[in-house]
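Enquirer: Sequence:
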Amino acid sequence: MSEPITALRTPQIDANYLDEDFHGYNWDMFSSLFRIYYSHLIHSFKHEFQLFLRVLTSYNTILSSRFSATIGQQLLELKYSSSPLTLYQKCLYLLSFFFSYIYEKFLVDYRRLLPFQFIYKAISLMNFLVFLHGGKYVNLFERIAGVKTIHNHRPSLRILDYSYMKRELIWHTLNETLGTLIPFLTSLKARTLMRKYLSGTVMKRLEQTNICSVCEQSIVMPHESIGDCKHYFCYVCAYSLIQQSCPICFKTLHNIKPKEFSSE
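Taking the working numbering, the leading residue of the sequence shown gets 1220, the next gets one more, and so forth.
Bear in mind the hints are in silico, worked out from the structure with no lab data behind them. Think of the CB as a built atom: it goes at the ideal place given N, C-alpha and C, for glycine as much as any other residue. No false leads were slipped in.
Derived lysine-lysine pairs resembling DSS-like cross-links, with alpha carbons at most 25 Å apart:
| id | residue 1 | residue 2 |
| --- | --- | --- |
| 1 | Lys-1309 | Lys-1355 |
| 2 | Lys-1340 | Lys-1367 |
| 3 | Lys-1340 | Lys-1309 |
| 4 | Lys-1309 | Lys-1367 |
| 5 | Lys-1324 | Lys-1340 |
| 6 | Lys-1324 | Lys-1309 |
| 7 | Lys-1449 | Lys-1470 |
| 8 | Lys-1265 | Lys-1324 |
| 9 | Lys-1355 | Lys-1367 |
| 10 | Lys-1449 | Lys-1476 |
| 11 | Lys-1355 | Lys-1340 |
| 12 | Lys-1449 | Lys-1478 |
For each label pair, taking beta carbons as the anchor points, the in silico distance ranges come out as:
| id | residue 1 | residue 2 | range |
| --- | --- | --- | --- |
| 13 | Tyr-1383 | Leu-1260 | 35 to 45 Å |
| 14 | Cys-1434 | Ser-1382 | 38 to 48 Å |
| 15 | Asp-1240 | Cys-1434 | 42 to 52 Å |
| 16 | Ser-1251 | Ser-1302 | 27 to 37 Å |
Turn these sequences into a full structure, and let the hints guide you.
Expert: Here is the structure:
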């Protein structure tokens, strides 16, 4: 039987990212249960709950004899070369969770550990650089435990299909375009221009009314323009129209003044 082929670097890195994204999503769903009631529990026992969720997830995935792979590895059809993991490897995997819990819970602000934190990050960086060169052991756990990430099935040649990527690019481009245009289309000046050119005719002058010509609500502190425009506005609406066009007659408002309605 031929030796299993080590997985490519990109799937291994993607599997790690998928695992972290899953743990983050799992925590968000769990913490949302206590946002209204017992929210103090989340703040007081955040690290304990996160540890519990990670152990529970691992117990049903990589630590079980049925799957022996993380969530990210299962999605990308990967697994560890030692499947199922030995008792020593399982203990190392769980210890990584407990060390992370102890550090984040008790030691994250302990200044004397800063040199050790620097050493750990330097070792992690060196391990990642070695991984990029050799393609094995993407994290320290895999290197210490001596397990490699391999494919579930021997990879075969495939025809690349970019249709999904094209749809994603089109959707993101459309999303960014709409995100740029919508603020301009919803502005008062844009609405005025659209009303002017789409209607084709200028609306007649409004007579005495208690409806604001801008917000179309009951007028609060009625004001009007000092000039040709005789439409009525709320004070805030009129103040926002200074040096702009009236949305009804499209005449420029240079200044405003209070308006008193006749009693007739």
